[in-house]
Amino acid sequence: MAAILRAPGLGAVWGTVRGLATAVRQAEPATAGLDAKQMNLCSAVNDALHIAMDENPKTLVFGEDVSFGGVFRCTVGLAEKHGKHRVFNTPLCEQGIVGFGIGAAAQGYSPIVEIQFADYIFPAFDQITNEAAKYRFRSGGEFDVGGLTIRTPYGAVGHGGHYHSQSPEAFFTHIPGIKVVMPSGPRETKGLLLSAIRDPNPVVVFEAKMLYRTAVEDVPTGDYSIPLGRARIARAGSDVTLVGWGQQVLVLEQAAKELAASDGIEAEVIDLRTLLPWDADAVAASVEKTGRWVLGPWHSQVVIERPRAHRGGRGPRRAPSAPAVCAGMGMARLVVSAWEGPSGHITVGTAPPNTTCQWLPRHSPAGQSPDVPLPPTRGPRVRPYTQAGGESRGPADVRVRRGDRRRHLRPLLLLPGGPAAAHRGLRHALPPGLRAPVPPRRAAGGGWRAPAAPRLTRAGERCPARP
Amino acid sequence: MDFPGGKVPFTEDLAWLGPGFTPRPTIPCYRALDSQGAPLPGTSLPHDIDQALATRMYETMISLQAVDTIFYEAQRQGRFSFYMTSTGEESTAVASAAALNPDDVVFTQYREQGVLMWRGYTPLDMANQCYGNALDSGKGRQMPVHYGSKALNFHTISSPLATQLPQAVGAAYALKLEGKAAVAACYFGEGAASEGDFHAALNFSATLSAPVVFICRNNGWAISTPASEQYRGDGIAGRGPSYGVPSLRVDGGDAVAVYNAVAEARRVALERRGPVLLEAMSYRSGHHSTSDDSSRYRAAEEMAAWRARDPVARFERWMAVRGWWDEARGVGARKAARREAIAALAAAAKQPRPPLSEMFSDVYDEPPPHLVAQRAEVEAFVRAHPETLPAGMPLE
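Just so you know, the sequences run in chain order A and B. To get the numbering used here, take the position in the first sequence, counting from 1, and add 1. To get the numbering used here, take the position in the second sequence, counting from 1, and add 2.
Hints are not guaranteed to be accurate.
Unchecked claim - Here are the computed distance ranges between Cβ atoms for each label pair:
1) Asp66(A) - Val374(B): 36 to 46 Å
2) Leu16(B) - His175(A): 25 to 35 Å
3) His175(A) - Ala351(B): 31 to 41 Å
4) Met3(B) - Pro92(A): 41 to 51 Å
5) Lys59(A) - Phe84(B): 31 to 41 Å
6) Ala315(B) - Phe69(A): 34 to 44 Å
7) Pro228(B) - Pro92(A): 30 to 40 Å
8) Pro169(A) - Asn103(B): 36 to 46 Å
9) Gln53(B) - Pro169(A): 55 to 65 Å
10) Asp55(A) - Arg275(B): 23 to 33 Å
11) Ala315(B) - Lys59(A): 42 to 52 Å
To be verified - Calculated Cβ distances over 12 Å to all of chain B for the following chain A residues:
12) Gly34
13) Leu35
14) Pro92
15) Glu132
16) Gly161
17) Ser166
18) Pro177
19) Ala256
20) Leu260
21) Thr275
22) Lys290
Said to hold, decoys possible - Distance condition first, Cα-Cα at most 27 Å in a straight line; then the derived DSSO-like pairs of lysine-lysine:
23) Lys82(A) - Lys182(B)
24) Lys85(A) - Lys9(B)
25) Lys352(B) - Lys337(B)
26) Lys85(A) - Lys182(B)
27) Lys59(A) - Lys82(A)
Since the hints were made in silico from the structure, they are not lab data. Ideal Cβ positions, reconstructed from N, Cα and C, are used throughout, including at glycine.
Build out the structure end to end from the sequences listed, making use of the hints.
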């Protein structure tokens, strides 16, 4: 069904996105055939809350200003219908709201707490991280606060400034024990919110406030849920994978539409939906198919290109290798966190054997988007390095390029235990013949060293271990 | 005048209320026994303590003292990593616990093991948790003294201070909605009462009307920080009325007074379906923990003077006056308690550790794919390098 965005001025917010158009979405099998009506995102939230309150008498809704309907009108009608003992205002105190919710959840209730803006969730970060997330694990499974759901509006609208615009989801994706959900539209929101409420783990749901009014689509009126931990293919494609979450998905869909129209590039857009745990299998399957992956919202547009055989038939076409894709997935998590730490020191959780990674952060001073390397089979588009001939790599190489500058980094393995265990683990995981990782080197003067000409290897040649 | 913020009388006086101007009177401290344990005449004692109850309170305090002493020594000998005693506060914990019902839900900080022992947690249970062995209900994941027991309605202890306060309010609210005749009892120290969560909890408990009994152990020290550096107002009880919470100050070393105060607090909380705040004044006779040497910041005379005010000795004398205690019984009880504590340590030391696989369970209800993958990787690594697995820890 089509998602129609209506609001003036959003084009100014979204820079390169020229105008807004309908985005074709794949209908979820679970919702096909259900009665639906046009709803905006805040109505979808309200609908979900009504269903949750109706089905479970131990569901509570509380937070600042929720009683009269909420500052974004997401809780309209709940207090009148279910009573002030179940739907109520709290004092203005986020740490109290979440702490109180944890206590109620620990006693078997299902509190859905609202933090009025994600910008104000930080006083509650201690309760979320040190308490809610660890309640089950630290008690040996005797206690848990699985009934807790925290919902909070996030994201820029244009005039919100520092404190009504933040997208802090990345902080929360590193907290084991909670789940983090960020829906991309009204139908997604209602189904994901119901799943979050019903999930027996504490869940933080980020709702795109910019979409509360502006995103309108057909949303089933009845009860349905969208599973957590599973991504959605928002747009099928064959040439490059774009991964996003939340309100960015619409931007990617729009960008994909323009790519197809102007350059004949068919981009596959993936909506992660759940950020913790995230659907690595879906991304892997997509990258297996397309061979190219553009990751990240707004800023860190890193391109990870899985190696292909030399084009023009000079060498055998190599099948995508699972280790290379896994290395890319390992990159995904750290790209999001590496944005906070552009020092160049990178760690990945795991890296399978025979894997090397190249990664280049985006440091364009003019803020230009990187060139996306394109497959020559797609038309006469000329790029310096592809024109010089396709490059073939060893089966395990994954290279990330931006322009003609390349840097070769190695993943470091994080292992439990002390240095001796780490050393053993490294030797276990790295292929024979490769030396242990070294930190990346910078050229004197601090700039990146660019090779004079693109490096080429013939088909079958293994890429050199270090530049 | 009816402001939305309050119905307030007017005055033409520009007069400050508070320290240095017109101070509020210090809240007096309720007690039933003098420092020697003799009952004071004219004490209001709405709740009687019969011999059976007194004996059980006494034996629990003796057992607590034995466990504290022996487990502290065990840590110094390197048998486990960490321990915290509750010396000087035995009566606060045990007498307050005796005034609660088993259905009351308890949230604590870390120095209330007497409450847990009253409810039935044994020295062996404590030793298992301190050793982090396979019999620990917490599966060996937390530091020592981070006890918890669902069966005993005692929420698992966490290290961050005061986080349990707003949680206790939420739990009490849930009990109220269920119509249960039960309260949430929430223990914390005077240092933790400086945390934001204290203020959040007091305010929420009053505005949302939750039947929670807040019990502050004001033992005068937060590690090396004396109470004079912790607050300037009238302690913790002085804050309660400002939040709309009825408050009472009590002598924490006086088991009879503590019992009566908590029993009354519970009755009031249930009757009004709202909060009450108790501040039990006492002294932390021991060090903050095995990682602390309080002689570096406290005078030896001060510590000696307070050790002489042992609350258990005070209760012994009260019992003796009634003919419920004598020297022989006391010696016998202490010997038996020591034997039990020592045996508990020996038994706990023999148990294996929980398996490595428990590192991955209970993070969520079911492990998500990335944890399943991590577990498989760790298990493969350990199979290839079995010497990296700690001694006494099975793989699964």
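If you check each hint against the structure, which ones fail?
2, 4, 6, 14, 15, 18, 21
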